[in-house]
Amino acid sequence: MEQLDREARFRETVVMGLRMTAGVSVAGLRRRFDIDLPAYYGSTLTALLDQDLIVRDQDRLRLSARGLVLANRVMAELV
Numbered sequence: 001m002e003q004l005d006r007e008a009r010f011r012e013t014v015v016m017g018l019r020m021t022a023g024v025s026v027a028g029l030r031r032r033f034d035i036d037l038p039a040y041y042g043s044t045l046t047a048l049l050d051q052d053l054i055v056r057d058q059d060r061l062r063l064s065a066r067g068l069v070l071a072n073r074v075m076a077e078l079v
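In UniProt numbering, the protein residues as written are 1 to 79.
A portion of the hints provided could be inaccurate.
Stated by the list, open to error - Listed next, with one range per pair, are the computed distances between beta-carbon atoms:
id : residue 1 : residue 2 : range
1  : 70        : 34        : 29 to 37 angstroms
2  : 56        : 16        : 31 to 39 angstroms
3  : 6         : 65        : 14 to 22 angstroms
4  : 6         : 69        : 27 to 35 angstroms
By construction, these hints were calculated from the structure, which means they are not laboratory data. Every value quoted in this text rests on a predicted model; they were computed, and no experiment measured them. In this text, a Cβ means the ideal position worked out from N, Cα and C, and glycines have one as well.
Turn these sequences into a full structure, and let the hints guide you.
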């Protein structure tokens with residue numbers, strides 16, 4: 001049960017963090033939850049990046065301008 005709780009907190013942190021201007025730190029999430037964000041979301045994250053809904057700036061992921069308009073769709077993919 002602890003595993004599910006940790007993953008639920010991880011997903012919630014990702015979704016809330018992406019709504020912030022600064023986005024989320026991949027390394028920060030790994031340190032906090034011991035979960036690698038790109039590996040966890042895999043092809044879902046790749047698709048969001050390819051569709052220009054999320055952008056990666058070095059260690060950070062954030063919503064793109066297009067992603068901000070479609071934020072609810074992006075979040076639904078990540079929950």
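Item checked: Violations among the numbered hints, reported as their numbers in ascending order -> Per hint list: 2 and 3 violated.
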